[in-house]
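Trainee: Chain by chain, the residues:
Number of protein chains: 2
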Amino acid sequence: MRISQLAREADVPVATIKFYLREKLLHDGELTSPTQAQYDETHVQRLKLVRALLGPGGLSIAATRELLAALAAPPEALHDLLGIAHQAVNPPAPDGLDLVPAYQLMGRWGWRIHEKDRDSQAALARALQALDDAGFDLPEGALDLYARVMKDMAEAEVRGVPTDSVEAAVRYVVLGTVLVEPLLLALRRLAQQDASSRRFGADATSAGAAPPERAAK
Amino acid sequence: MRISQLAREADVPVATIKFYLREKLLHDGELTSPTQAQYDETHVQRLKLVRALLGPGGLSIAATRELLAALAAPPEALHDLLGIAHQAVNPPAPDGLDLVPAYQLMGRWGWRIHEKDRDSQAALARALQALDDAGFDLPEGALDLYARVMKDMAEAEVRGVPTDSVEAAVRYVVLGTVLVEPLLLALRRLAQQDASSRRFGADATSAGAAPPERAAK
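Protein sequences appear in the order of chains L and V. Each residue of the first sequence is one higher than the one before, starting from 8 at the first, in the working numbering. Each residue of the second sequence is one higher than the one before, starting from 8 at the first, in the working numbering.
One thing to keep in mind: the hints can contain errors.
Repeated chains share a single entry, so a pair holds when one copy, or any two copies, can fit it.
Simulated crosslink set (SDA-like; lysine to any residue; CA at most 25 Å straight-line) [as the list claims (entries may be wrong)]:
| no. | residue 1 | residue 2 |
| --- | --- | --- |
| 1 | K55 | L135 |
| 2 | K158 | L138 |
| 3 | K55 | L104 |
| 4 | K55 | A137 |
The set of hints was computed from the structure by calculation and includes no laboratory data. This one's a predicted model, so the numbers in the text were calculated from it and none came from an experiment.
Same shape as in the complex, but just chain L (with noise of 0.2 Å):
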């Protein structure tokens, strides 16, 4: 198909799938002519997965290049994926960062981390300073419930992935990561309400429905 069929199919604007072509975010077509090219199916698949990885994965474009080149030369396993994608995803460690609290835990709970993906554990790390500067302390046994809790949601994540095709378990890896996390932390905050509506009155608590003025906006 040419560029116009392109655009049409996957629902991107000719000039958005120009400059991805120049940013090399979007494999080049055949050439036919020396001014047309053909594209087929596997560009109209990339497209959907770049604007997804750019919109809603809210990834930068070097984030992105840097995830479609391990796309462009599998890895031999799945499991390098998901390192790079996380890698991808984190912000990197800032210097100066105690990373000792981090592999401690890991060792603790005996988990296993990619060695690819150093700034998961310095994103541990941080959140760890971030309580301790501010002098928080965690009740007893708070952190070993935390991780006892993602460890069982993870496995159930992880025995999700889709098998069938390289492309679509990076989707379900990045978006699943960057996606599901705005949604981990409202249903927290929802299911906080809930617990304290329980614990300390709910006379102050109107409940889960929809109230018919917000419902109508």
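With chain L's structure known, arrange chain V on it following the hints.
Mentor: Relative to chain L, chain V alone:
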């Protein structure tokens, strides 16, 4: 105590204390002469809370002031505090967001949400919308799984809310919301890598213990 001693006790510069006084984030001391005021332990505690809210808590000055106003006129039930705290830390809902899917989930799970907090439900609606925009279908049953996990976690967290002082409760609730979120997300990514190494083969992984060259940093 005079302002200079308050600065030492709370480990906050005098200029910052004067700024907080002007911004009404700190209550005035007792005037002992036209140019001098006396401060007490309540000022030390309040300063520590304000620092934590503005710093690691990441709240704006306006949100901090709103929360402190709630403290100054303590709500009858501690439960109100959580609704107000969540309202303060959530970004406001964008216009035109469809809140009905969030209300429906609250109804389906029977969760009771604080009437002062609309924005947590909006955050849930926004997260669902982003998944939908990306064409990312959660695996069957995943949403209910996430809800169940967050509910168990929230119940443990709310059991831990200290009830000895309103100040301690606010601190626990706000910092526990804001500072624990990055911790949970980091743990989820690490737990996924651990689960992935178990499912997809562990050859490419390193054990959780600190590689010497990183631990030495």
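Trainee: Now tell me, hint by hint, if it's right for this structure.
Mentor: Each hint tested on the structure:
no. : hint        : result
1   : K55 / L135  : between (37 Å within a copy, 19 Å between copies)
2   : K158 / L138 : both (21 Å within a copy, 23 Å between copies)
3   : K55 / L104  : between (37 Å within a copy, 24 Å between copies)
4   : K55 / A137  : between (37 Å within a copy, 15 Å between copies)
Against the hints set out earlier in the document, no violation occurs for any number.
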